[in-house]
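J.: Sequence:
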Amino acid sequence: MLPNQVYPVVWNHDRVLLIDQNRLPSEYTLVEISRCDDMAHAIKTMIVRGAPAIGVAAAYGMYLGAREIEATNRDQFLAKLERVAEQLRSTRPTAVNLFWAIEQMLKTARHTIGSLDHLKQALLDAAQRIQQADLETCRSIGDHGLAALPPGKLRLLTHCNAGALATAGYGTALGVVRSTWNAGRLERLYADETRPRLQGARLTAWECAQEGIPVTVITDSMAAHCMQRGMIDAVVVGADRIAANGDAANKIGTYSVALIAKAHNIPFFVAAPVSTIDFNIASGKDIPIEERDASEVYQVGETMLCPPGVEYYNPAFDVTPAELITAIVTEFGAFPPERIQAELSPIS
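Numbering-wise (the working numbering), the sequence shown opens with residue 1459 and increments by one.
Keep in mind that the hints were calculated from the coordinates and are not lab data. Among these hints, one or two may not hold up.
What the hints assert, rightly or not - Pairs of lysine-lysine residues, derived as PhoX-like cross-links and limited to a Cα-Cα distance of at most 25 angstroms, are as follows: (1) 1538 / 1578; (2) 1720 / 1743; (3) 1565 / 1538.
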């Protein structure tokens, strides 16, 4: 049975339920997570993925880890909680929301006074607040993105999946698409398939199909052709980390789309919460880029795509320079990249 609304991370009584995004679209499966080790594995293996969703999952992972801690005093508990945090930090190096959520949970633990049972409950409450805040944030991003788009009926292009599956629900880039659809202004969404893990073909298309949003899947190499033919009015993508100067790391292939959009004078928007902006990093050169297993490139399922004896390179992300970005859409509005530090740094 498929959901009416998509929530990739759900707290259910005493455990977390995750949609297994590795099995979509052929199979809708929920994975039960009741231990921090299992949550770390789920994040690392991309059962849950997308920067905001990873942050929510990590927050619950911190609570699950705290629940397992045996300690006789507060200092001992906090020391063990830091080890839990380090385990979760090691799962995905690029998505800054992971680190942000972990730090929020650590702050909660440090500032909560009372028994260890009270402290653990405070951590669960904090994780649930992070989840609810992200959902509200995405709806605001959607509305601000709609306001920033060109007027009239629109044909939008997106890359990868920055939708409900990648957040607490609703989505960042797909949140903008949803708001545009709900306002009656979306003619069609074009979704890059997004090699090598095919998140556009598998996940973005699946989300749109659940809601009847008109979507056309194209291969990554077709984006330039579609823009040349006048089929795209604007591009909207998400981000896993944004530097202080507005450089944005997103799924590999995003930089190519931005270059093509610039060549065709098509506006290019990055939609992300302020928690995705890392004001401690001056530019995209300092953003760590995760490299994933070569098997993602040389096979799809059980089918081998390449001959034996060749080498592989599989960076999960690339960095789009700020000068290629029309605006960064956040829960507080849409801003030119050069303005985000002045406008948003105090908020974070």
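J.: If a hint holds in the structure, say so; if it does not, say that too.
T.: Hint check results:
A hinted pair counts as satisfied when its Cα atoms are at most 25 angstroms apart, and residue 1538 with residue 1578 qualifies at roughly 13 angstroms. Of the pairs offered as hints, the one joining residue 1720 and residue 1743 holds, with about 21 angstroms between alpha carbons and a cut-off of 25 angstroms not exceeded. At roughly 14 angstroms between alpha-carbon atoms, residue 1565 and residue 1538 fall within 25 angstroms of each other, so this suggested pair holds.
Violated hints for the displayed structure: none, as all numbered hints are satisfied.
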